[in-house]
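Novice: Spelled out from the first residue to the last, the chains are:
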Amino acid sequence: MLKEKYTTEIADILSRYPVKRSALLPLLYLAQREQGYVSEAAMQEIAGILKLTPPQVYETVTFYTMLNLKPLGKFHLQVCKSLMCALVGSDILIGWLEKKLGIKAGETTHDGLFTISKVECLGACGTGPMMQVNDDYYERLTEEKVDRILADLKRDGTSALKTGPFMWPEPAPAKRGA
Amino acid sequence: MPKHEPVLLKNMLQPGYTGSLADYERAGGYQALKKVVGKVAPADVTAMVIKSGLRGRGGAGFPTGVKWNFLPKDYKGTKYLCCNADESEPGTFKDRQLMERDPHQVLEGIAIACYAIGAETAYIYIRGEFVLGSKILDQAVTEARAAGYLGKNVLGTGVNVDIWVHRGAGAYICGEETALLESLEGKRGLPRVKPPFPATSGLYGKPTVINNVETLANLPHIVNRGPEWFASIGSPPKSAGTRIFCVSGHVKRPGNYEVPMGITCRELIFEQAGGMRGDKPLKAFIPGGASAPFLTPDHLDVKLDFESVAQAGSMLGSGGVTVMEEGTDMVWAALRLMEFFHHESCGKCSPCREGSSWLVQTLRRILAKRGRMEDLETLVQLCNNIAGRTVCAFGDAEVAPILSTLKYWRPEYEALIREAEAHRAHELPMAAARH
Amino acid sequence: MPNVAVETVKLTIDGQSLTVPKGTLVIEAARQVGVMVPHFCYHPKLKPDANCRMCLVEIEKIPKLQTACSTPVAEGMVVRTATTVVNEAHKSVLEFILANHPLDCPVCDQGGRCDLQDFSHEYTPTTSRFIEVKRVFQKEYFSPLIEKQMNRCVQCLRCVRYCDEVMDVKALAPVNRGTMTEIKHFGTHELDCEFCGGCIQICPVGAITSRLSMYEFRPWMLKRADTVCTYCGDGCQITLQTKDNQLIEVNSSLGAGRNNGDLCARGYFGYHATTHPDRLTTPLVRRDGRLVPATWDEALEYVAETFAQLKLKHGAQVFAGVITARCTNEDLYLFQKFMRLAVGTNKLDSSARYGQVNAVRALCRIQGTHRWPVTFEDIAAAEALLLVGTNITEANPITGLRVKEAVKKHGATLLTVESLQPTVGTISNIANLAAHHFTAHPDQYKPVVLGLIKAVIEEGLADQPLSQKAPAYLQAIRDAVHALSWPTIEAATGSSAASFKEAARAFARTARAVIIVGAGVLREPGASGLAATLQDLLLLTGHHGRPGCGLAPLAEQNNDQGAVEMGTVTECLPGPCDLDDQEARARVSALWQEDLPQGPGLTIPEILEEARGKTLKALYLVGEDPVGSLPESARAKEALEGVEFLVCQELFLTETAQMAHVVLPACSYAEKDGTFTNTEGHVQQVRHAIEPVGESRPDWEIFSDLAGLMGYPLEYGDAKDLLKEIRALVPGYNLPGPTPKPSRPDHTAVDRYLQQGYAEDLGERYRYTPPVKAAGRLTLLVDQSLFHSGKFSTKAKGLLHLQAEGAVSLNPADAARLGIVEGDRVLLSNELGHCRTTAKVWDRIPAGLCRFPEHFDQEARRLLSVSIDVATGVPYYRSAQVKVEKAQ
Ligand SMILES: Cc1cc2nc3c(=O)[nH]c(=O)nc-3n(C[C@H](O)[C@H](O)[C@H](O)COP(=O)(O)O)c2cc1C
Ligand code: SF4
Ligand code: FES
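Chains as they are written, first to last, in the working numbering: chain A, 203 to 380; chain B, 663 to 1097; chain C, 6 to 893.
Everything labelled a hint here was simulated from the structure, so no lab data went into it.
A virtual CB, placed ideally from N, CA and C, is assigned to each residue, including glycine.
Among the clues, some could well be false.
As the list claims (entries may be wrong) - With a straight-line cut-off of 27 Å between C-alpha atoms, the simulated DSSO-like cross-links for lysine-lysine are: (1) A/253 with C/52; (2) A/320 with A/364; (3) C/414 with B/849; (4) B/856 with A/320; (5) B/856 with A/347; (6) A/302 with A/253; (7) B/797 with A/356; (8) C/27 with B/868; (9) B/1069 with C/69; (10) A/272 with C/96; (11) B/856 with C/144; (12) A/347 with B/797; (13) B/1069 with A/253; (14) B/856 with C/729; (15) B/849 with C/50; (16) B/856 with C/139; (17) C/144 with A/253; (18) C/413 with B/868; (19) B/965 with A/222; (20) A/222 with C/413; (21) B/849 with A/207; (22) B/1031 with C/139.
Said to hold, decoys possible - Just so you have them, the derived chain A footprint on chain B, three or more residues with Cβ under 8 Å: (23) 722-731; (24) 901-912.
With the sequences and hints as input, model every part of the structure.
Specialist: Following this line, the structure appears as structure tokens:
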């Protein structure tokens, strides 16, 4: 039950909007963070909190690609396949991932660790090929980099290769100056 | 140092600049807000923005101050500002950089706009995938609120400006302003039928302005340096100011380049972005995001301003410039974009919903060498039957890749189909005879 | 509706000029000049969504084609709907819509009345350019009643929008996006909603269809009859569609009747009751203690003879008759004429006794007329609405829709005083729309109303002119509410003084206010008094007598109002006029050319009393089943056993009919002609759709024949003849128009009340005595559910799918306290008896209350006691104090 566990967070979210329903996406994120996906029970509970009917929650959930109605692997590898990334090799990246993990896009590894998805443009077109793993972006990927990332994820649950605050091209190093 | 003086990227180009409030203040941040709030009449701020010639950076290029002026005059109730940070037009990745590297510049712009239009609440609708960006913004809002730049009683002037960051959840269409509002209201992101326009009936039915991140980020500079300064940059009067162009594809140095509007495509691609990777010849480029028709090497000298690009048969759009080298399969390229549009069609309008799947399937068939010559005519007709017949501009956008590639590279389509015909004649004489 | 000056706009459509009200949509304006713009997603009831893009038209000076369904007219607009460009656009949109359509017309129940078929016929070539793969949705059922075939869906979302905008139920969801969008319900169980049938009716194609009639017909095989639903007082017009004397389907058309195309589950899925195999098909006569079939001649002669003998032996005063208010006006009218002339007694009554009598009394007393002073349109146009004890969604769903319309479309302020709590559920909860809601047990309605009146007085909201016109009346109320302290009211109602004040302000400060009162008040002790007090509220706030304002009591049965007007409640002659109004008696007897019988009338409870006392020898019951519907404590069975000769005229062999000496099979509404008068006093035509089941006959014909056999010929050619005679005695029965004329209050009556009438019982009405309640008990309320009406509907297979048995609904907190969970067997008990049933835990039920549907109350009735209203003779038996525990 979200209501008990996240009482203050929910109150804080609700306080941002004059109309309760606006809190729907934030609450769905909360539910997904909790369970890894949005369960029927969660939709029902959220409907109750927001004074909506469950179908109103359901229709909204299914419109957005980032909300899942089914559990996924612990690491969701979303590879951008749109034109800009495709120009710089995203199809090769997908092939590499599929080979490394032994699954096809859309599938989850047996150990439940990785799910590969092909997704549309993630707003990192200048730094492709790229993928998003859970909340983090990984860009300008190469086979070697992917190998390291997968290993890091398995080992540490995260990887230092993820992108920080974005800027590309990178600013000139401090010293070279004017 | 870059050849052109950057405005929006200036701070972040400074070595060691972190985008923190302290850094931003040191670089002169929030001076503009101090200058206007409680000191300049809101209407005068709007007048200043109109005078600057600033036009929207989100895609449609609508004059920003004029848009603000559409709000009902003498309206006493609640108004809203929404900052469109959905940045989901393929080829575009500038807002991400503005938000993650210099968030306070965006917040200051939002606060100024709120003051000018009389909105006490602004929502930043950021695409769901930008988790990092939303965290950075959240933190920046907290900092700015603590410093008195935001919240109740901004800078002790009695003006209130609350900013909330609202994450989308994966839907390109939510960049369309009315779909954005629906999504922000917790619904499916389906564009609304207009009129009424958001200026009179927007978020929760209240008068609302929607502006892009880059548009808003320009405001502190217009206030600080004056509308005349702004109007002198680029190709005034219609295309004043700088633009951050996002260069992607087959260039040596892809990335964000802030240049005055009006430089040529050639300069952007060959000087700023370092030219073609592997020095192959350029075959095609898109000047303004996936929704903008493709252009050819013949268009390299077109100036990157609203009018010139439109005259060349494309549009400046979101500033996403994608470059393709010789050897790129144009049918494939069109299909990749069409697949995007098919995936992202919200499904509201029949022509867009059904048309996008029809177009994708036909392109796939042609690419798989199962096309027919009639398909090309059908493609054109379907495109024409979608464009202009839908609730939102998505319908116009989704046909751009097909129509423009068919216009310039029709032989590539025909070659694929001829191969298919040869195949058919060879393998299926009966069927071929029947057709 | 008051006439407000409407601004108009002049425009040209396809060369024809026309003037229409400002704000009219182009598609509607075109319709007015006979131009039909093709469309799917547009529906006059719904907000334009412009998603199908089918209705594109050319408008001069606008470069792009515009959607006629969402574009309002403008002065001087020039619209073209049939140019080449427009035609091409229509064709192309259809081509898109058809691209993924399965073209399975041969197996689609919509075939022959499908918009997609019709427009395709008009616009598209027979071959398609679409040679790609069609997307396929798996077949899924919404429920045993509704089939959905998403491959046929054109994604117009009319179903979803109707479910939200009109019904306020929001049970349907468009899920996923783009071409994969489909309409679904939530969860893994089947659809759970109000089952109004709206999604089926509004779907322009065959994507949502009824499984009750699947594959049974093609539309052109069906015969249609427009008639009126008998399940509640709203009086919806329905079209019964039949094939080979079988009812196949019910529809309702937009623009027709008072329901304007809307129905509830009972109306839409309840039609199989009439042709249930248990219907009586021949007369039955008791021989050697058993009821055996007889011919009509045998049965009628037997009745006539026995009546004659009994009359000869004991006189006419040993007879009594009761008729159900579900009969037509013609039946009702002839019944009372039969009783008064052929039998010679005034001892007759009808089921309008159970509540409607209270309503009509209160109206007559203070406004001088017996009908609503408002119409459904006035409800929709009201600025403030106060609902008291209506349970409106369940009891009068279509009136409920007008309330929703007022709030959702026109922004009316809604105040609700109801035995329910605002919660979102599968059945729309009117309290959710309320700006001010008071949760009340039946015995709390009175203190809530008094609280509102006190707030009106104390907040200075009382109407100024009233203080000049009726200072004593105003002072009396002032004194009365002054004597009631806020702490008393707060304790009695559980609501704060502040909430009363806010609500009172919201109500008083509006120009158009309507109060709707329902069974929760009308069928509980103190009813006629409280209905009068509600009119005080209207008088105090200056709303009484103003057009568009007034008190609207809800009729439960389809012809409750007609029963009163036909003179089938015992205190009334047709008109309705008082039984001892000499002028009226003279008028009736002049028309009938007979003297009216002397002697008193008898109410239903009094009839049972006389039967029990054995002073009653013969009882004629038409469609009334006292044994099966009154609580055991009314001892109806014992009473009827004492009657020498019991005649029951019925559709089914009810518990009472099983005791009868003669049972006469009557036609249902679907087999007869006549009129019904709905809750707002609108008289509507009933038309037969099928031939009588078996040998059953219309009720009035039976009365007529019996009268003839008894030597008092009451002959009529058909129901219309009877209506002609009714018209001579009862105002308001001239040819029914599309909308009723609300009655105008009679000022002399209002003045009489304001000057002295109020004083009769004002003291009593404004006194509050807290009820005595035994600790640890819950208040059991036996009332109406949405899926049934009386017991008749429990014969409808469609409705039994929705609700097949009774269950007691409990508030979650009460249930938890009692250790009861959903589905548990529970024992309800009190001094009178006990009953076992299943528990349902429902957050809509207020704490301390539990509810049981009257339609399945055979056992629950053991717990109810009857009290009789001294003023109106109404028997009250809907609530009781009970102990609830988990059954062992
Ligand atoms: C399909 C579609 C997608 C859009 N996506 C975006 C977007 O991601 N970001 C954005 O700023 N504007 C987007 N727009 C443009 C907005 O509708 C709107 O014009 C813009 O936010 C206005 O801000 P501006 O005037 O500052 O440009 C999109 C428009 C359409 C039709
Ligand atoms: S089911 Fe019917 S009414 Fe509902 S959206 Fe589909 S086609 Fe329209
Ligand atoms: S009827 Fe106008 S768009 Fe559907």
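Novice: If a hint holds in the structure, say so; if it does not, say that too.
Specialist: Against the structure, the hints:
no. : hint              : verdict
1   : A/253 with C/52   : holds, 22 Å
2   : A/320 with A/364  : holds, 19 Å
3   : C/414 with B/849  : holds, 20 Å
4   : B/856 with A/320  : violated, 34 Å
5   : B/856 with A/347  : violated, 48 Å
6   : A/302 with A/253  : violated, 46 Å
7   : B/797 with A/356  : holds, 25 Å
8   : C/27 with B/868   : holds, 23 Å
9   : B/1069 with C/69  : holds, 23 Å
10  : A/272 with C/96   : violated, 41 Å
11  : B/856 with C/144  : violated, 36 Å
12  : A/347 with B/797  : holds, 26 Å
13  : B/1069 with A/253 : violated, 52 Å
14  : B/856 with C/729  : violated, 55 Å
15  : B/849 with C/50   : holds, 22 Å
16  : B/856 with C/139  : violated, 32 Å
17  : C/144 with A/253  : violated, 31 Å
18  : C/413 with B/868  : holds, 17 Å
19  : B/965 with A/222  : violated, 47 Å
20  : A/222 with C/413  : holds, 17 Å
21  : B/849 with A/207  : holds, 25 Å
22  : B/1031 with C/139 : holds, 20 Å
23  : 722-731           : violated (count 0)
24  : 901-912           : holds (count 5)
Hints 4, 5, 6, 10, 11, 13, 14, 16, 17, 19 and 23 from the list above are not met by this structure, while the remaining hints are.
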